[in-house]
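Residue 1 is where the sequence shown starts when you use our numbering, and the numbers rise one by one after that.
Don't read these hints as lab results, they were simulated from the structure. For clarity, every value in this text was computed on a predicted model and none was experimentally measured. It is possible that part of the hints are untrue.
Said to hold, decoys possible - Pairwise CB distance ranges (calculated): (1) P30 x W91: 31 to 37 angstroms; (2) P123 x Y154: 31 to 37 angstroms; (3) L125 x N72: 17 to 23 angstroms; (4) Y154 x P10: 24 to 30 angstroms; (5) Q18 x D83: 16 to 22 angstroms; (6) T166 x T28: 29 to 35 angstroms; (7) D151 x A8: 29 to 35 angstroms.
To be verified - DSS-like mimics (lysine-lysine), calculated; alpha carbons at most 25 angstroms apart, straight line: (8) K75 x K165; (9) K17 x K75; (10) K75 x K45; (11) K17 x K45; (12) K165 x K45.
Just so you know, even glycine gets a beta-carbon here, dropped at the ideal spot from N, CA and C.
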Amino acid sequence: MLNATTAALPLSELVLKQQSELVEYFSTLPSATSDQLAGRAWVGKLYALIKVEKMPTLVRKSVATVLSAAINPWKGKAFNVDDTGANLWLWGQQFGQYTMLEQDSLVDQQPCLWLDYNVVSNPSLLRHIRGEVRVLGENQFLARMNWLANDQFYCVAYFSLSSPKTVSKGVAP
């Protein structure tokens with residue numbers, strides 16, 4: 001079981017954690033800031049999808065391997081210096097814009113970098129997504145994707161962001 005005194009986990013160990021363990025671990029991490037992420041694109045890797053959590057470790061690991069393989073169209077996130085950003089997809093496509101705000105999480109009341117997808121240019125379905133980003137280590141972040149429905153947040157997945165690259169062009173929300 002993870003607790004507040006747990007040292008930062010290497011990204012390779014996150015794949016084996018159940019969502020319940022990541023909930024606890026995530027609440028102990030310090031908030032990311034927009035300055036730490038802005039102006040760069042970050043490589044993303046998905047962890048602990050709902051519906052996969054109760055499956056055996058081997059199945060969870062297999063699903064995580066597929067999600068991190070080249071066939072996964074989601075590649076990460078681009079963060080702009082004006083507190084906006086977007087998801088990165090195959091071939092550098094940007095889709096799913098968000099705004100950023102440093103605030104306490106509306107899920108666990110701990111400080112986080114809040115990503116709000118309730119942006120006019122997004123399709124209605126995406127506007128229900130809210131993300132939270134916290135620091136995992138040097139140039140490594142752990143994030144939580146939440147779904148807002150009926151004034152409640154439901155965790156959909158956790159993902160990491162690492163290996164930053166400079167963003168060549170911004171995205172407009």
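key: Numbers of unmet hints, in rising order   = Numbers 2, 5 - these are the hints that the structure violates, sorted from lowest upward.
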